[in-house]
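A.B. asks: Following the hints, position chain B against chain A.
Spelled out, the chains give:
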Amino acid sequence: MSRFFRGGDESSSDSSSDEEELYSEEEEEQKQKGQEGSQDDSDDDSQNDSDSDSDDSDDGKAGINKFLKDASSDEESEDEVRGKVKSAKDKRLDELEATIKQIENGQKNGDWTLISAESDKLNRQVAKLTSGKTPKPYIRILAELEDFMNEALAKAKVTPKKMNATQARALNAVKQKIKKTNKEFQTQIDSYRADKDAYMESSDDEPVPVAPKTKKTARFEVEAAPALEDDDEGFATVGKGGKALQYTPESIFKHLRGIMESRGKKNTDRTEQIKVMEKLYEIATTPYQKIRVLLTIVSARFDLGAGTGNVMPLEHWKAAEKELSSLLEVLQENREYIVVEHAEEWDDDEKPPSLQAGETYIKVAGSIVSYVERLDDELVRSLQSIDPHTSEYIERLQDEGALYNIIFRGLLYYETLRKDEALETPQDSVNRIVMRRLEHVYFKPAQVVKTFEENCWKAVGDAVESVITPRSQAQDAGNLVNVLCNYLFSNSEGIIRARAMLCQVYFLALHGEYYRARDMMLMSHLQENIPNFDVQSQILYNRTLVQVGLCAFRKGLVYDAQNTLQEICGSGRQKELLAQGVMMQRYNQVSPEQERLEKQRQLPFHMHINLELLECVYLTCSMLLEIPLLAQTGSSPDVKKRVISKTYRRMLEYHERQIFTGPPENTRDHVMQASKALAAGEWKKSTTFIHSIKIWDLMPNAEEIKTMLSKQIQEEGLRTYLFTYAPFYDTLAIETLSGMFELDITKVSAVVSKMISHEELAASLDQVTLTVIFRKGVELSRLQSLALALSDKASALIETNERTLEQRTQGTSNAFERQGGRGRGGHRGRGGGRGGPRGGGNTQRQAGGTQFTGGALGAAVRG
Amino acid sequence: MEEVLTGVSADGSSIMPKMAPHLSRHLLFPLIQFEEQKAEESGDDAMARQILSGKIKLLEDTNMTDYVATLYCEFHGVADPPAEYIKKRQEVLSQLEKYEQATAKIADLLTQDEVVNGLRSDKVANLEFLKNSHGVTVEMVDALYDFGQFQFRCGQYEPAAEMLYQFRVLSTDNDKVSGATWGKLASEILQTNWESAVDELKNVKENIDTKLFNNPRAQLDHRTMLVHWSLFPLFNFEGAREPILDMFFSAAYINTIQTSCPWILRYLIAAVITGRTRARNSSLQQKQMKDVIRYVRQEAYEYTDPITQFVNALYIAHDFEAAREALHLAEQVCRSDFFLASSADAFVEAARHLICESYCKIFSRMNIRDLSSKLGLNPDDGEKWIVNLIRETRLDAKIDSQDGTVVMNHPPNNVYQQVIEKTKGGFFRTQVLNAAVSK
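Protein chains in written order, with full-length UniProt numbering: chain A, 1 to 863; chain B, 1 to 439.
Hint data in this document are derived by calculation from the structure and do not stem from the laboratory. Even for Gly, the Cβ is constructed at its ideal location relative to N, Cα and C. Misleading hints may appear alongside valid ones.
What the hints assert, rightly or not - Here are some, though not all, of the chain B residues that point toward chain A, as calculated from beta-carbon distances under 10 angstroms:
| id | residue |
| --- | --- |
| 1 | Ala317 |
| 2 | Ser358 |
| 3 | Leu371 |
| 4 | Gly426 |
Okay, chain A solo, but in the shape it has when bound (with noise of 0.2 angstroms):
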């Protein structure tokens, strides 16, 4: 019944063709059931009613076999009350043809995850059995198992396709086990494989004689097993049986100890011991009990998670928060109780420590901005596991807000530590508390941020104040990151600090403050050092330089943005240098440890930047500068080829070299076709095109940024068209080109005088007629353009050869000082060249040289 319900589940993960094989793994496997067939029937009639119960819970959660313990266990709890119907043998047994059974599942639908955890369980089963003779089901699941594997295991070398990497992994942990427990049991599953039938049939027989006369001993061990050791198994019996007067408030620490003990070990159940230890903390009574269960709860729900792969699941982190919350709330109401690191750990588990004569806390060891962290840490990762474009991912967002709240109370925790100067706080602590908070504040405009600080004061009372952070000051984001950056340039160095930095300017930049980031960004010299950082803070050096030409763009300044965005745009590589998705990789492998690193620090989608907007403000930089430089450059073909933006010219070629132009569909064609009619002078057309990008509508006012743009490409059109059009005209009326472009006559003036002052245009005003008068025979010929480019060429090479020659003699030849007397137009040189042997040189050459700047000493003196 549940099989059509899992392939179904299944299918989206398993490829088509994956499936097909299944099918016919599945006849096969209909066949053989046709022939044990006879000896299922008793079988499945027992297993019927334990099976209807745990396949109904098992519908829901789907998969996730860490459920199917606490269904089961239910049921027993059911048959039990029912009057015990079944021994307890006998429910094991239950248990183990339930287990059985999804192995069987996992089979048919090739989930290797399932059947490795199934068996793991059902080892662990049959290791509880061993007062009986091994069950024969388990010997079959055991032999069709092992063929199974190693069929799976043929067919992946043939097919290419690879598996994905947890089916892979899981596949693997199976192999290994087979191999191991087969090895035990051989002999068995060897006669099992002689002769199915007649195997299974004397199977049938033999385990009832032995049910009734283990069934004693069985109980006996299910009484005696809570009183000696942590078994789960038997803690959760006994605690349905009503026998709760186990967890006594002094027997607390032993327990704890016990969890403690098997923390890490292999085949500890942890959802189990997390419930013992939530019943734990509800008999808890003194705060030291409770910071200690708190303390192991926290840790061990923390260890759910662990491992690469999965993600804490939703009801843990939340109760993690929970438990946090309160153990930041014990620590506070009993000050006496302290949290630190370097405690020492408490031996005795008879009686708690009590306070000494001359100190003044009990400490207990723990570490608070660790669980802060980790905590933390578990959100990104659930976040980035969750399809940011549904709702789940929205509420799962929410818990920030419970995540901040625990990080500022954290924050106030370790600051009442700090005022004691005695406990030795180690500055780190704080300083890594203080870089969470900004974490989370740093990308978030300042209405959220106000948000989030409002909900965090009420939370903690007025009686509260922060020593880093002062209450008047946490209203404001701007103040807040202001204040939190300050503490830690003040008193943390290295990379926390750097990253304290960049969230800072990332925050000016935000906010629109360009100035301040960008002498911030620039005073910080982190470009010089970024590559040694590492990865992380790398991401964060991209999009803060990012978020610094998003601003500049915001405020007008084109060629600012053009020259920020250059690194980042320029590359193509946008996606992995902002951490916002994994760059196909085309040509070079990535190992699946590099790939599953990159997916592992991707940003959680709500910190993205719009990479469309992103690219779009890029584009439109690009194309306001590039195009009167090629307009420039296309009239005089002599000029230096001057690139702002490769990867613009290269779109901008690839457009143009289509033959059919549609109308634009996306942001990189509405540009492109802006640019073409910028190029061709109808600066309307330009500003339709670019006017009409719609992703404009996500900067904020975008009206001022859509006026600002027309501005620009008026301005930017009156060039280019000039630098066209200048020499088939001998003369232009300002006024006509004024109606032209619809820009002012002084605007138009001044744009010209600009580009007659910088020698763009050879040209000149005639202020009685008020017309543009452009000056004839300044075309160069050929021969005259080479000549000109030849004498420039030879000036750099004689300048090369003096500064080789310097680096050569480094010093010892003093034959360059007259060079300082006027390299540098005399007046640097003074300090340093003390008139060398050839000092008479000087005035002679003074009035020859124009510009020769460059020299020797010029360089020395500069040094």
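C.D. replies: Chain B alone, transformed into the frame defined by chain A:
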């Protein structure tokens, strides 16, 4: 003190409040004096009184008790200063005596020729020599420093400079030596001994570069101070112009200006523009001008005043109308600025030149009347001015008086000339290279 500064800067034109923290009390005093004069001239009595009280506050901490007492009398309109001033005066006098005694011996020694001749350039040896032959101790040398400082605070700058000079020759204590150098610089400035002030400036600069190289923050602070202090010689002594401008334009100092005191740009611009005619080397001047334009553009977001606006309008926006207005404002600012007041006329004149220059570069024909109005002159004066300009600079221009226009003749940039210019130095340089290699 603050209220004076805020009062002074109420109209927004003065940048004194920004500069004040970087100047010593004694150096700030002339600035305040200047403001007082201004206030008196304009008949603003309330302002003058406010400044006077500020002056008293400023000098209260110094040892110039007599002067403060007079000021106090003047301010409160009483004949006799209160007793505390008299008491303080007594204290100062007794202290003076004490210091005189402490330094009497060494001061006496240093006036004797044979002792002075016995001194060498090695400080340690000097001290040794004095100790052995004349019984001078380190304490006595330090007393010189203290006395110098005391004198300075009394407003007796000349003896202070002398003391500090002597101290510097003898002492080996680096911190105090640099302190003495600062003190001497201030003394020289206040005595208007510009030449020695420029020398001291160099000393201080060297000190900053060598002693503080591993402390960027202190370096920045000291440089900021030095930049402010050097404004005094810059605008008062012709010989100081070149070294100080060189210093300002050197990478370290221009960075300092941009980072911590962008308002200095005003003085930098003024110095460069007024230096136009004086500078022997016009290419240097052009380069400085270009640099200044760049800095103005870079700092535009942080600091603007009419003077930077003028540069901005003329060279960055190419808006002559705005440039004219800015020049008008700039003239007022100059006249009310302590440092620039004396060179305001020169500045305006030079600025007109600049306007004209770039005008001529861009226009080929222009109306005299328009041009004159842009220069802020009436048409007749303007015509005269333009004729003078053409004569002086040998511009290739003619006045068509019938139309009332100036016609510029822009000779096209000859390509042959360009090639010749570019290759001119090549031969000589190659020869030098050759000689250097074969050596």
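A.B. asks: Interface hint check: Gly426/B, Cβ to nearest Cβ on chain A, cutoff 10 angstroms. Holds or violated?
C.D. replies: Holds, because the Cβ-Cβ distance from Gly426/B to chain A comes to roughly 6 angstroms (cut-off 10 angstroms).
A.B. asks: Ala317/B was flagged as interface toward chain A. Is the shortest Cβ-Cβ separation under 10 angstroms?
C.D. replies: Result: holds, 6 angstroms to nearest chain A Cβ.
A.B. asks: If you take the shortest Cβ to Cβ gap from Leu371/B to chain A, is it below 10 angstroms?
C.D. replies: holds (8 angstroms)
A.B. asks: Was the hint right that Ser358/B lines chain A, CB cutoff 10 angstroms?
C.D. replies: holds (6 angstroms)
The structure fails none of the hints (numbered hints given earlier).
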